[in-house]
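Q: Below, each chain spelled out in residue letters.
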Amino acid sequence: KAGVTQTPRYLIKTRGQQVTLSCSPISGHRSVSWYQQTPGQGLQFLFEYFSETQRNKGNFPGRFSGRQFSNSRSEMNVSTLELGDSALYLCASSPLTGASGNTIYFGEGSWLTVV
Amino acid sequence: GNSVTQMEGPVTLSEEAFLTINCTYTATGYPSLFWYVQYPGEGLQLLLKATKADDKGSNKGFEATYRKETTSFHLEKGSVQVSDSAVYFCALSKGGGSNYKLTFGKGTLLTVNP
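Listed in order, the protein sequences are those of chains L and S. So the first sequence is numbered by the working numbering: it starts at 1 and just counts up by one. So the second sequence is numbered by the working numbering: it starts at 1 and just counts up by one.
One chain only, chain S, in its complex shape:
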């Protein structure tokens, strides 16, 4: 079946540090890949997505590139801010009949200190 493995953390960084959260997946075919962010006490917000190999998703300074050869979708940001502190989830959805079901990683807690 489909699965997502992501760096569990927690990750603690100083403001303006470089961020990488690793995410790898297992799925047949060509899934769509997503990063969601969850701030304390809130639901999930879509951060970025990529729907085919070599696509780069980007939003709010965050980037992730869909790497088919390494089945990876690592999240990066060049300079984190205190406001980026949250839990980050990598997820995939498969095409076809299960297209509307997301499979999530376990989440990575990021804390950014001033």
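Chain L extracted, bound-state conformation:
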């Protein structure tokens, strides 16, 4: 069974640009969430989607947005990039049912560098 897949793995953007990151959850998982990891702030929750609806949102500015498609795949977008947005962005999925219903599985992440 394939794990959580994120693309691209590495990217470099210029300040002011926007970026879109993609995530394919584990087959059958309907919940997809996103986290930002930086050396200073650690791991911070961005948002969580289920059935194409955002159910939870972390404390990030409106420049950070996301969406989920009917096949559970998800994208997140960051507009007007700032240097401080340089981070590892992690996507995670959860089955929501069964004994491991509340377990969250992570992808390898997308490394974003803003210059």
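In silico lysine-lysine, DSSO-like type, Cα no more than 30 Å apart, as pairs:
1. L:Lys57 x S:Lys94
2. L:Lys57 x S:Lys68
3. S:Lys52 x L:Lys57
4. S:Lys77 x S:Lys106
5. L:Lys57 x S:Lys106
6. S:Lys68 x S:Lys56
7. S:Lys52 x S:Lys77
8. S:Lys106 x L:Lys13
Note that these hints are calculated values from the structure, not bench results. Keep in mind that this is a model prediction, so the values were computed, not measured.
Given the structure of chain L, go ahead and fit chain S onto it with the hints provided.
A: Relative to the frame of chain L, chain S by itself:
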């Protein structure tokens, strides 16, 4: 709100030494507790979990017991290997509407020397 406090380290041990990484949490109700491990340049891997008080999670020689009375979930391993060198994160998720949001500790860097 929910929070996780873990020993920040870094922790440096010799191979075959005993490992303890302390983790305590603050949350109402009965959260689920997790340990994740991150190897250099990689994402997070679930190491073990416990979903109710007195549960013991275990995997790859690592263990942690959910202690409601001390709100703790300390990670232990009896004999570490060089391959265990990584960053370890303690995390919790609450039930209900926020069940699918993890709150993480700051991570503990473990280095195991041969």
